[in-house]
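Peer 1: Residues per chain are reported as follows:
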Amino acid sequence: MSFWRAVGLNYIQFSNIAAKMVRRSLKKEFQVEALKRDESSVKFTTWKEGKPEKISSKA
Amino acid sequence: MWAHNAMLQPIIRHQQSRGMATLKAISIRLKSVKNIQKITQSMKMVSAAKYARAERELRQAKPYGEGSTVFYEKIKPEEKQESTPSGQKLLVAVTSDRGLCGAVHTTVARQIRNELNEAGDNVKVICIGDKSRAILQRLYGKNIVLVCNEVGRKPPTFLDAARIAEQISQYEFSSGKIVYNRFKSVVSYVTSELPLYHKDTVSTSPNITAYDSLDDSVVQSYLEFSLASMLFYTLKEGACSEQSSRMTAMDNASKNAGEMIDKLTLTFNRTRQAVITRELIEIISGASAL
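Going down the list, the protein sequences come from chains R and D.
According to my numbering, the stretch in the first sequence is residues 1 to 59, in order.
According to my numbering, the stretch in the second sequence is residues 1001 to 1290, in order.
Keep in mind that the hints were calculated from the coordinates and are not lab data.
Check the hints yourself; a few may be wrong.
Stated by the list, open to error - Partial list, computed: chain R residues near chain D (C-beta under 8 Å):
#: 1; residue: N16
#: 2; residue: E29
#: 3; residue: L35
#: 4; residue: R37
#: 5; residue: S40
#: 6; residue: S41
#: 7; residue: V42
#: 8; residue: T45
#: 9; residue: T46
#: 10; residue: G50
To be verified - Within a straight-line C-alpha distance of at most 25 Å, the following computed SDA-like cross-link-like pairs (lysine to any residue) qualify:
#: 11; chain 1: D; residue 1: K1031; chain 2: D; residue 2: F1268
#: 12; chain 1: D; residue 1: K1062; chain 2: R; residue 2: F3
#: 13; chain 1: D; residue 1: K1199; chain 2: R; residue 2: K27
#: 14; chain 1: R; residue 1: K43; chain 2: D; residue 2: V1145
#: 15; chain 1: D; residue 1: K1142; chain 2: D; residue 2: K1062
#: 16; chain 1: R; residue 1: K36; chain 2: D; residue 2: K1050
#: 17; chain 1: D; residue 1: K1044; chain 2: D; residue 2: P1063
Claimed, not checked - Pair by pair, the computed Cβ-Cβ distance ranges are:
#: 18; chain 1: D; residue 1: E1259; chain 2: R; residue 2: M21; range: 55 to 65 Å
#: 19; chain 1: R; residue 1: I17; chain 2: D; residue 2: I1028; range: 23 to 33 Å
#: 20; chain 1: D; residue 1: V1046; chain 2: R; residue 2: R24; range: 32 to 42 Å
Every value quoted in this text rests on a predicted model; they were computed, and no experiment measured them.
Using N, Cα and C, we set each Cβ at its ideal position, and we do this for glycine too.
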C-alpha cells in the first residue's frame, strides 16, 4: 500500500496535489499559463427522493 | 346615396384605424425580429470562437479517453449482475448548463430515459450540467443522486473532471455508463456511452493477465485515474459538440429571422401602400363630392 493511500487519499487527489506542486515550481513565464488549468468552478448538489438536499460547494 | 354613405362611414373609419394599427404593429414586430437576428448572429460568432478553442482542446484530450477505452476493450470484463451485493447501476449524463444549442442535451437525456425505463429503480443518475437535470427531474427525480452545475461556462479542466470523479466514486455501483455526445464534425455529433466497471469486475476479468504485475492497489489507482480521465474526455467531447451545435442552431435562427424580416418588410410596404392608396381615394372622392 502506498503511503498516500494509507493517509486516506485516492489516486486522483494524490496526483492533483502533485500536479499543483509541479505548477507552482514552474518558471514565471510558464506558470501563468499553467495556473489557468488549475481552476475548477463545478458545484455539487446531492439529491434525495427527487429533491436537492444541500448545497456542498467547493470541496 | 347619403344614407348609404353614412352607413358605410363607421365601417371605413374602423378599417382605416385598424390599417394604421397593423402598420404600427408590423413595424414593431419587424424591429424586434431584427433585434433577435442581431442577437443570434452575435451568439453564433461567440460560439464559433468557443468552438475553435474547444476543438483544439478536444484534440489534446482525446488520448485520455482512448487510453481507458482500449484498456477496457483489451481486458473484456464480464458484467455479472449478482456478483456484487448492491447490483447498482450508475448513469452519468454529461451535459452543460447552457441551452440554445439544438438537441445536444435532449439526446443525452433521452438515452438515459430509455435506460431508466428498461432497468427500473436500481439505477442512480448523476447529472453533470443543469440541462439534463431539468429534463430528468420531473419524471425520474428519484433516480438522481448528484447534480453538478456551473458546467459549460468555462472550458472544462482536468481538475473539474477530477472533482466530479471524486464525488462519483463515493457512490457504490457494480456497473455504469457515461452518456455523452461524441463530436464527429462541425455539423454532427453522436450520442454515445463509455462503460464504467466495478473494481472486482476488472480484476476478475479473463484477459487481465495480458497486463503484467498488476496488484489490487494498482488496479484501484488505475480505475480512479481512468474515471477522471474518461470524464475529462467526455466533458471535452460534450463541450465541443455543444458549441458546434449551438453554432448551427444560431446560424439557422439567423437565417429564419432573415426570412421573417423579408416577409415582414414586404407586408409592411404593402400595407403602407394600401393605406396611402386608401387615403388618396378618400381625398379624391371627398373632393369630387363637394
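Peer 1: Which of the listed hints are not met by the structure?
Peer 2: Numbers 2, 3, 12, 13, 15, 17, 19 - these are the hints that the structure violates, sorted from lowest upward.
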